[in-house]
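Visitor: Here the protein sequences come in this chain order: A and B.
Each residue of the first sequence is one higher than the last, beginning at 1 in full-length UniProt numbering.
Each residue of the second sequence is one higher than the last, beginning at 1 in full-length UniProt numbering.
Check before you lean on any hint, since a few could be wrong.
25 Å max Cα-Cα, derived PhoX-like pairs, lysine-lysine [stated by the list, open to error]:
#, chain 1, residue 1, chain 2, residue 2
1, B, Lys-70, B, Lys-44
2, A, Lys-53, B, Lys-44
3, A, Lys-53, A, Lys-70
4, B, Lys-53, A, Lys-44
5, B, Lys-53, A, Lys-70
6, A, Lys-44, A, Lys-70
Cβ-Cβ distance ranges computed for the label pairs, FRET-style [claimed, not checked]:
#, chain 1, residue 1, chain 2, residue 2, range
7, A, Gln-179, B, Gln-237, 29 to 37 Å
8, A, Pro-59, B, Ala-251, 28 to 36 Å
9, A, Pro-260, B, Arg-120, 40 to 48 Å
Just so you know, the hints here were simulated from the structure itself, not pulled from any lab data.
Cβ coordinates follow ideal geometry from the N, Cα and C atoms, glycine included.
One-letter residues, chain by chain:
Protein chains: 2
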Amino acid sequence: MCQLLGMNCNTPTDIVFSFEGFRKRGGLTDHHVDGFGIGFFEQKGIRLFHDDKPSANSPVADLVRAYQIKSENVIAHIRKATSGRTSLANTHPFVREMWGSYWMFAHNGHLQNFTPARGRYYRPVGNTDSERAFCHILEELRNRSDERPCDDTLFRTLSRLVREIRSHGLFNFILSDGQVMFAHASTLLHYIVRQAPFGEARLLDDDIAVDFSAVTTPNDRVAVIATLPLTENETWQQFACDELVMFRDGAIVRRECPDPPRYLSTEEGLALARAVGASA
Amino acid sequence: MCQLLGMNCNTPTDIVFSFEGFRKRGGLTDHHVDGFGIGFFEQKGIRLFHDDKPSANSPVADLVRAYQIKSENVIAHIRKATSGRTSLANTHPFVREMWGSYWMFAHNGHLQNFTPARGRYYRPVGNTDSERAFCHILEELRNRSDERPCDDTLFRTLSRLVREIRSHGLFNFILSDGQVMFAHASTLLHYIVRQAPFGEARLLDDDIAVDFSAVTTPNDRVAVIATLPLTENETWQQFACDELVMFRDGAIVRRECPDPPRYLSTEEGLALARAVGASA
Numbered sequence: 001m002c003q004l005l006g007m008n009c010n011t012p013t014d015i016v017f018s019f020e021g022f023r024k025r026g027g028l029t030d031h032h033v034d035g036f037g038i039g040f041f042e043q044k045g046i047r048l049f050h051d052d053k054p055s056a057n058s059p060v061a062d063l064v065r066a067y068q069i070k071s072e073n074v075i076a077h078i079r080k081a082t083s084g085r086t087s088l089a090n091t092h093p094f095v096r097e098m099w100g101s102y103w104m105f106a107h108n109g110h111l112q113n114f115t116p117a118r119g120r121y122y123r124p125v126g127n128t129d130s131e132r133a134f135c136h137i138l139e140e141l142r143n144r145s146d147e148r149p150c151d152d153t154l155f156r157t158l159s160r161l162v163r164e165i166r167s168h169g170l171f172n173f174i175l176s177d178g179q180v181m182f183a184h185a186s187t188l189l190h191y192i193v194r195q196a197p198f199g200e201a202r203l204l205d206d207d208i209a210v211d212f213s214a215v216t217t218p219n220d221r222v223a224v225i226a227t228l229p230l231t232e233n234e235t236w237q238q239f240a241c242d243e244l245v246m247f248r249d250g251a252i253v254r255r256e257c258p259d260p261p262r263y264l265s266t267e268e269g270l271a272l273a274r275a276v277g278a279s280a
Numbered sequence: 001m002c003q004l005l006g007m008n009c010n011t012p013t014d015i016v017f018s019f020e021g022f023r024k025r026g027g028l029t030d031h032h033v034d035g036f037g038i039g040f041f042e043q044k045g046i047r048l049f050h051d052d053k054p055s056a057n058s059p060v061a062d063l064v065r066a067y068q069i070k071s072e073n074v075i076a077h078i079r080k081a082t083s084g085r086t087s088l089a090n091t092h093p094f095v096r097e098m099w100g101s102y103w104m105f106a107h108n109g110h111l112q113n114f115t116p117a118r119g120r121y122y123r124p125v126g127n128t129d130s131e132r133a134f135c136h137i138l139e140e141l142r143n144r145s146d147e148r149p150c151d152d153t154l155f156r157t158l159s160r161l162v163r164e165i166r167s168h169g170l171f172n173f174i175l176s177d178g179q180v181m182f183a184h185a186s187t188l189l190h191y192i193v194r195q196a197p198f199g200e201a202r203l204l205d206d207d208i209a210v211d212f213s214a215v216t217t218p219n220d221r222v223a224v225i226a227t228l229p230l231t232e233n234e235t236w237q238q239f240a241c242d243e244l245v246m247f248r249d250g251a252i253v254r255r256e257c258p259d260p261p262r263y264l265s266t267e268e269g270l271a272l273a274r275a276v277g278a279s280a
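Isolated chain A (complex conformation) (with noise of 0.2 Å):
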């Protein structure tokens, strides 16, 4: 299975250390080795760095270490593919365009006989379920509204066609347009908000530790979102099975979770990916 991270702040805040653990799954602390992107908003501009190497030794995800890039949302996934040959065209985070503003994407997971109409919108341009999903979500979207609808509206819209998609099997992902973040578990996420009083954290793949309240102001909020737990010192929070949030200024401003929630471990999260073969 691959994995994903993504960061919703309220202030641009860069993501190297929780990058740096995170990449070190790609290829030397575990197995996904099959490349990987992160994509960044800064405003309403995009950065997107995609690689085939594995992450743990690209010079591109040297190259993000290097730039420190500040950022109030950014999206990454490394991928392990199972099935299908690695391409650029088929690397996340994706990109397109909707309502004047950039929309990005990752998945993880693997969805079965999942095959929209061909959208008027948006089309895919690789072969992967995981894109075809998302420029399914941008039509639906688009197909509803010429403008941007409101926090509430866009909720409630998405969480009624991730219901549809996710009937398809797996469908962990992480959406943002630069302005919320929308995460949605099928399997295994978790999530972490960091706010005053900021303390120490160390990463679980790496000898790195952090003290946050250095490098951070009072009014700092960061939500960081994870497939599996990055640091072994903090309480992350897992996502319930089926559960979508959105989060905005590193706070969750919604959420909708099956009553009562079903929570999985990683070990029956990383057999049912590896029982569906998920590939993305």
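Based on these hints, arrange chain B on the given structure of chain A.
Guide: Positioned in the frame of chain A, the structure of chain B alone reads:
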């Protein structure tokens, strides 16, 4: 005025040699210091690098050199802002998806009173005349057809659109869908087609030479397009004012040129750009 660079080939080729000369104009041998962008097609996928640092000493440009990406279609742009602020959303090349392929566009010049109606399929994210022109071109092409038309129809439709747009000012641009590359000159644009027998070329902006016969096969054909010639010992061809050309596999396959053709000297071209405050 900004500068454009394009490459269209019949085999994946690295653009490092041309880009090394070109990037020097971003802060060293010329004054285009307000950022740069370069986009590569790799099969159907794209790789895009933007930086707001001068290209001459940008770590992103260093990565482009180190990576030696091989591509059949490349578009690059270095920027000298004369008005408006530098922002990522305004950095060329711009990208959109149309007919299931990515389209990439970079412009230099300046369009006055160019305010096309808001598009149904394509809207600008930033606020440049360049992105407006790109979205307008795609909108009009997409409105006319649900599928990519043949090269001939595409060229004729684009030619009509360009005639309308260039009535608003200076419109030097390069456009590609990864299969063909269009180039249009209002003022200064040059090209060279390199094919067997290959010889040695020396950069104008750097003390670098390359012997293409050592790095090519006899079947290779590479067209390079640049605002001003990049090498000192080769014969570059100049586009006439208002000439539109379509390249495929490193060769010109369509062209439309006023009769008689009119050519500007470098001094005339630069003076004209200054006079209209070209800022693309």
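Visitor: Does each hint hold? Answer for all of them.
Guide: Right, here's what the structure says about each hint:
{"no.": "1", "hint": "B/Lys-70 <-> B/Lys-44", "result": "13 Å, holds"}
{"no.": "2", "hint": "A/Lys-53 <-> B/Lys-44", "result": "18 Å, holds"}
{"no.": "3", "hint": "A/Lys-53 <-> A/Lys-70", "result": "24 Å, holds"}
{"no.": "4", "hint": "B/Lys-53 <-> A/Lys-44", "result": "18 Å, holds"}
{"no.": "5", "hint": "B/Lys-53 <-> A/Lys-70", "result": "15 Å, holds"}
{"no.": "6", "hint": "A/Lys-44 <-> A/Lys-70", "result": "13 Å, holds"}
{"no.": "7", "hint": "A/Gln-179 <-> B/Gln-237: 29 to 37 Å", "result": "47 Å, violated"}
{"no.": "8", "hint": "A/Pro-59 <-> B/Ala-251: 28 to 36 Å", "result": "33 Å, holds"}
{"no.": "9", "hint": "A/Pro-260 <-> B/Arg-120: 40 to 48 Å", "result": "44 Å, holds"}
Comparing the model with each earlier hint shows a violation of hint 7 alone; every other hint is respected.
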